[in-house]
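Produce the complete structure using the sequences and hints provided.
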Amino acid sequence: MSSFGRWRDQVGHTKTILGEKVREALASVLPITAIVLALCLTLSPLPVDILLAFLTGAVLLIVGMGFFTLGAEAAMTPIGEQVGSHMALSRKLWVVISVSFLIGTVVTISEPDLQVLATQVPGIPNAVLVGTVAVGVGVFLVVALLRILFQIPLQWLLIGSYIIVFILAAFFVPKDFLAVAFDSGGVTTGPMTVPFIMSLGLGVSSIRSDENAAQDSFGLVALCSVGPILAVLLLALKYPASGTYIPAVMPRAADSRQLGGLFLAAFPSYAWEVLKSLLPIAAFFAIFQIAVLKLSAKKVLKIAVGLLYTYIGLALFLTGVNVGFLPAGTYLGRQIAALPFRWLLIPIGMLMGWFIVQAEPAVHVLNRQVEEITSGAIPGSAMSTSLSLGVALSIGLAMVRVLTGISIFVFLVPGYLIAVALSFFVPRIFTSIAFDSGGVASGPMTATFLLPFAMGACEALGGNIVTDAFGVVAMVAMTPLLTIQLLGLVYQWKLNRARLAQEAEDEEIIDL
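If you use this note's numbering, the sequence shown corresponds to residues 1 to 512, in order.
It should be emphasised that the hints constitute simulated quantities derived from the structure, not laboratory data.
Predicted, not measured: the structure shown is a model, and the values here were computed from it.
Treat the hints loosely; a few may be bogus.
Unchecked claim - The calculated SDA-like cross-link candidates involving lysine to any residue, where the alpha carbons are at most 20 Å apart (straight line), are:
| hint | residue 1 | residue 2 |
| --- | --- | --- |
| 1 | Lys92 | Gln151 |
| 2 | Lys302 | Leu18 |
| 3 | Lys92 | Ala291 |
| 4 | Lys238 | Gly131 |
| 5 | Lys238 | Phe171 |
| 6 | Lys276 | Tyr162 |
| 7 | Lys15 | Ile312 |
| 8 | Lys175 | Ala118 |
| 9 | Lys302 | Glu81 |
| 10 | Lys294 | Ile312 |
| 11 | Lys276 | Ala286 |
| 12 | Lys299 | Glu81 |
| 13 | Lys15 | Val63 |
| 14 | Lys175 | Leu234 |
| 15 | Lys238 | Asp176 |
| 16 | Lys238 | Thr119 |
| 17 | Lys298 | Leu308 |
| 18 | Lys302 | Ala291 |
| 19 | Lys276 | Leu308 |
| 20 | Lys494 | Ala382 |
| 21 | Lys276 | Thr132 |
| 22 | Lys175 | Phe409 |
As the list claims (entries may be wrong) - With beta-carbon atoms standing in for the labels, derived distance ranges:
| hint | residue 1 | residue 2 | range |
| --- | --- | --- | --- |
| 23 | Lys494 | Ile163 | 46 to 54 Å |
| 24 | Trp493 | Ser296 | 29 to 37 Å |
| 25 | Ala286 | Ile17 | 20 to 28 Å |
Quick reminder that beta carbons are idealized off the backbone N, C-alpha and C, glycines included.
Spelled out as structure tokens, the structure:
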């Protein structure tokens, strides 16, 4: 075949994969879009310019997430697997520590969910918050990989980490920062970091030959969610949340040209921010390729193209979110909270939570990996239903907090205590998957729509935005810890029941 023919086939293959990723993104954005359209035609009408900006933003999100996930799959996953296996094979502890810290930091900086959250937190410069969270992920990625190499039980690391978190939160940190800190732990494990971190774990665990190696590859996301919480709690000692919350700017456009101008005017600034975020990843890969990897030119080109797709996708994603989605979510929250029956915030939030997690791309990735690792013992459908129940419950509780002003501690402390207690009774694989699921479930739609929705409702009710509205992501990250482990209890009960039935059947055969 000629070089032109190979190039044509490659382009056709790329188009096919991109089409699949765009369809996945469509499935992710479509449910929330349908709910918004239903609400704006019934309970809370939207001004036409805000509605059109929301729909335009939805299109940008779909296209952006399509490019982004394609790029992450083509670039982040191969880099993670290659770096993980080479790092572990080096057998040098200082290499594992320094390289994994650097990886965790640079990948987190480019996480779109974190970029969205940083723009909404008052009182802390965006770069400071993003940098602090990135360092937290880097430190705990080191801990997570060392856990795999030294076969340290996950539950004890989680117990120790959360004891430190809750002591800091209860006695040393201003209460205004609690919800923001726990939200930071949820947003860092998004579509950029999850595939990278999980592939890194698979690469490191691949050098082990024991039967628990594959199971120990889970748990990285769980530990990497703790680092940002600790980092932001420490940051709170310097920044006492003295800033003022600035409501989202509502898009105003008299015609279609002005509407397009809003997005065109915003795109260059977000494209520049994304470029600054991705450059460290590109530089890290280039140095590692020259010094260690020595991949073929074809593989390097594929990764470079993947980084380009990631760049295009992130720029489109952030533009669509900030110009279209955030304002619409905030406006809807205000409108529904102003209704005489404001309690509707709870069922509406639960409905959104159910459909949002059903469509999260990272959730589907996790479900597939779980089904493969467990050889079908944990079906993807059971995982999906458990996650949906957990997230729907968490959004309902988050709306209760918005309506009543109840401290987030009232839900988080008992929730994590029960989750840790369950870890002693369920199979170890379920604990790792459950804590990973908590980070994965809080994906792009949570930070880009549900958090602004809660903020708008809190603003209309006259509540404290920082203490009452923030915490939505944290609640979403907590409840899957319970529902997935409860699934583990059911699985164990069925397994024991089948074993007892088989033993009874064997005894009958012997008696005969």
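We went through each hint and held it up to the structure:
1. Lys92 - Gln151: Holds. Lys92 to Gln151 sits at ~17 Å (cutoff 20 Å).
2. Lys302 - Leu18: At roughly 14 Å apart (the allowed maximum being 20 Å), Leu18 and Lys302 satisfy the hint.
3. Lys92 - Ala291: With a Cα-Cα distance of about 16 Å, the restraint between Lys92 and Ala291 holds, given a limit of 20 Å.
4. Lys238 - Gly131: Measuring from Cα to Cα gives roughly 15 Å; hence the hint holds.
5. Lys238 - Phe171: holds, 15 Å
6. Lys276 - Tyr162: violated, 33 Å
7. Lys15 - Ile312: With a Cα-Cα distance of about 15 Å, the restraint between Lys15 and Ile312 holds, given a limit of 20 Å.
8. Lys175 - Ala118: holds, 18 Å
9. Lys302 - Glu81: With a Cα-Cα distance of about 15 Å, the restraint between Lys302 and Glu81 holds, given a limit of 20 Å.
10. Lys294 - Ile312: Violated, because 27 Å separates the two Cα atoms, which is more than 20 Å.
11. Lys276 - Ala286: holds, 16 Å
12. Lys299 - Glu81: Holds, at roughly 13 Å.
13. Lys15 - Val63: Holds: Lys15 and Val63 sit about 13 Å apart, inside 20 Å.
14. Lys175 - Leu234: Satisfied, since the Cα-Cα distance of roughly 13 Å is no more than 20 Å.
15. Lys238 - Asp176: holds, 13 Å
16. Lys238 - Thr119: holds, 19 Å
17. Lys298 - Leu308: Satisfied, since the Cα-Cα distance of roughly 15 Å is no more than 20 Å.
18. Lys302 - Ala291: The given pair, whose Cα atoms are some 19 Å apart, holds under the 20 Å limit.
19. Lys276 - Leu308: The given pair, whose Cα atoms are some 13 Å apart, holds under the 20 Å limit.
20. Lys494 - Ala382: holds, 14 Å
21. Lys276 - Thr132: holds, 16 Å
22. Lys175 - Phe409: Cα-Cα ~10 Å, so holds.
23. Lys494 - Ile163: 46 to 54 Å: violated, 33 Å
24. Trp493 - Ser296: 29 to 37 Å: violated, 50 Å
25. Ala286 - Ile17: 20 to 28 Å: With Cβ atoms ~25 Å apart, the hint holds.
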